[in-house]
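Chemist: Residues per chain are reported as follows:
There are 2 protein chains.
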Amino acid sequence: MRNEKTDLLRGLRAVRRFEDRPIPEAELTEILEVARWTGTASNQQAWKVVVVRDRATLDALAECGVQHLAQAAVGLVIVSPGTIPELEAFDEGRISERMMLAALAQGIASGVGWFKNGGRARARELIGAPAASAVRTAVSLGYSAPGAELGRHRRPLAEFVSERSYS
Amino acid sequence: MRNEKTDLLRGLRAVRRFEDRPIPEAELTEILEVARWTGTASNQQAWKVVVVRDRATLDALAECGVQHLAQAAVGLVIVSPGTIPELEAFDEGRISERMMLAALAQGIASGVGWFKNGGRARARELIGAPAASAVRTAVSLGYSAPGAELGRHRRPLAEFVSERSYS
Chain A
5 MRNEKTDLLR GLRAVRRFED RPIPEAELTE ILEVARWTGT ASNQQAWKVV
55 VVRDRATLDA LAECGVQHLA QAAVGLVIVS PGTIPELEAF DEGRISERMM
105 LAALAQGIAS GVGWFKNGGR ARARELIGAP AASAVRTAVS LGYSAPGAEL
155 GRHRRPLAEF VSERSYS
Chain B
5 MRNEKTDLLR GLRAVRRFED RPIPEAELTE ILEVARWTGT ASNQQAWKVV
55 VVRDRATLDA LAECGVQHLA QAAVGLVIVS PGTIPELEAF DEGRISERMM
105 LAALAQGIAS GVGWFKNGGR ARARELIGAP AASAVRTAVS LGYSAPGAEL
155 GRHRRPLAEF VSERSYS
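Residue numbers (our numbering), protein chains in the order written: chain A, 5 to 171; chain B, 5 to 171.
No lab work stands behind these hints, which were simulated from the structure alone.
Only a predicted model underlies this, so the values are computations on that prediction, with no experimental measurement involved.
Fair warning: there could be bad hints in the mix.
[Unchecked claim] Far from chain A, by Cβ distances over 12 Å, these chain B residues were calculated:
(1) Arg21
(2) Asp24
(3) Arg25
(4) Glu67
(5) Ala74
(6) Gly123
(7) Ala125
(8) Arg126
(9) Tyr147
(10) Ser148
(11) Ala149
[What the hints assert, rightly or not] Which stretches of chain B does chain A cover? Using the computed rule of at least three CB atoms under 8 Å from a CB of chain A, they are:
(12) 32 to 38
(13) 90 to 97
(14) 101 to 113
[What the hints assert, rightly or not] Ranges of calculated distance between the beta carbons of each label pair, as one might list FRET restraints:
(15) A:Gly132 to B:Pro28: 47 to 53 Å
(16) B:His157 to A:Glu153: 35 to 41 Å
(17) B:Glu8 to A:Glu23: 24 to 30 Å
(18) B:Arg126 to A:Pro26: 49 to 55 Å
(19) A:Ala30 to B:Glu129: 47 to 53 Å
(20) B:Lys120 to A:Pro26: 43 to 49 Å
(21) B:Asp11 to A:Asp63: 32 to 38 Å
(22) A:Glu163 to B:Arg14: 29 to 35 Å
From the three backbone atoms N, C-alpha and C, an ideal C-beta is built for every residue, glycine too.
Go ahead and model the full structure; you've got the sequences and the hints to work with.
Modeler: See below:
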């Protein structure tokens, strides 16, 4: 059943392969503007976003665990303070989701991933973030390559929604 | 500068006081539908959402640390497996953001909060979630009380965006 009001929200797909084509600066700025207005748990807004465009850095970051960055037109790497991992991860989830929806609203595809294990420290070095910071999450932006959208199996509503008492 | 494509995404405000007025079932179902299609890190979709409507349970949950639930028309409590806190928190951030945007798209206000310390175990008991699960995040839904929107100070773009090298 279609609902026009929520079409955009339902339409987000993870993409991990992109065309070799840049995205316009105006669209990128709008994605960052939307990120700017994302609410965060502490409202301290202590996070930053590092915009990565050059291929060599994107390739090196891909090897830190977020493979789809290797094809992205632009990579957005979130830098958090590195003090409360659970809370920062929550905020990063909110920010990532917003940035991906802002991309989609403008016809740009996206994927999100985490740097893994030692990859976090290496990614932190690559972008020059402070030693105490946490570099956990990156969003890839680009135009979707043909057939690049991942499958969309989802559980039926009844399987994940309960009324008050868990079942 | 206004951008129609991303109006919805820019428009989300945290609300913590709600009118004493129910929200329609169709709108609630649509919010849960949007949640259903949220991508999650593992794609295991191991989380659940518990819908809480009765005032006594909402009041009791509010005392577990998410105070705005006391006035919410409906509370949506996310139940995660309780195995990898950081990753689950990330997914909960994504899901919360989606649910709040789906509410906004339909004119419904929302707030999000975390259960704190011992409040997590108490909230888990209140909704009857499994002992091993994590009950961390709740979203309050309702119609915004007059003057209930929180302030919107945000840092300028230049303060949180860096080009490749951190500064």
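Chemist: Decide, hint by hint, whether the structure agrees.
Modeler: Evaluation of the provided hints:
The claim that Arg21 of chain B is not at the interface with chain A holds, since no C-beta of that chain comes within 12 Å of its own (minimum 16 Å). Every CB of chain A is more than 12 Å from the CB of Asp24 of chain B (nearest about 19 Å), matching its label as outside the interface. Distance to chain A confirms Arg25 of chain B as a non-interface residue, since its nearest Cβ pair spans about 19 Å, more than 12 Å. No beta-carbon of chain A is positioned within 12 Å of the beta-carbon of Glu67 of chain B; the least distance is around 16 Å.
Non-interface call for Ala74 of chain B relative to chain A: holds, since the shortest CB-CB distance, roughly 16 Å, exceeds 12 Å. Non-interface status of Gly123 of chain B relative to chain A is upheld: no Cβ of that chain comes within 12 Å, the nearest being about 15 Å off. Listed as outside the interface, Ala125 of chain B is consistent with that label: its C-beta sits roughly 14 Å from the nearest C-beta of chain A, beyond the 12 Å cut-off. At roughly 14 Å, the least C-beta separation between Arg126 of chain B and chain A is larger than 12 Å, which holds for a residue marked as non-interface.
The beta carbon of Tyr147 of chain B sits about 16 Å from the closest Cβ of chain A, which is more than 12 Å, so the claim that it is off the interface holds. A cut-off of 12 Å between C-beta atoms confirms that Ser148 of chain B is not in contact with chain A; the least separation is 15 Å. Residue placement check: Ala149 of chain B keeps its beta carbon more than 12 Å from all beta carbons of chain A (closest about 18 Å). Residue count for the segment 32 to 38 of chain B with a Cβ under 8 Å from a Cβ of chain A: 5. That meets the three needed, and the coverage hint holds.
Given as covered by chain A, the segment 90 to 97 of chain B passes the check, having 7 residues with a CB less than 8 Å from a CB of that chain where 3 are the minimum. Restraint check on the segment 101 to 113 of chain B versus chain A: 6 residues with Cβ-Cβ distances below 8 Å, three needed, restraint holds. Gly132 of chain A and Pro28 of chain B have their C-beta atoms about 50 Å apart, which keeps the hinted 47 to 53 Å range intact. Distance hint for His157 of chain B and Glu153 of chain A: a CB-CB separation of about 37 Å, consistent with the stated range 35 to 41 Å.
Look at Glu8 of chain B against Glu23 of chain A: about 26 Å separates their beta carbons, and that is inside 24 to 30 Å. Taking 49 to 55 Å as the suggested C-beta distance range, the pair Arg126 of chain B and Pro26 of chain A conforms, at roughly 51 Å. At about 51 Å, the CB distance of Ala30 of chain A to Glu129 of chain B agrees with the hint of 47 to 53 Å. In this structure the hint that Lys120 of chain B and Pro26 of chain A lie 43 to 49 Å apart at CB holds, the actual value being about 45 Å.
In this structure, Asp11 of chain B and Asp63 of chain A meet the distance hint of 32 to 38 Å, their C-beta atoms being roughly 36 Å apart. Roughly 33 Å separates the CB atoms of Glu163 of chain A and Arg14 of chain B, a value that falls within the hinted 29 to 35 Å.
Violated hints for the displayed structure: none, as all numbered hints are satisfied.
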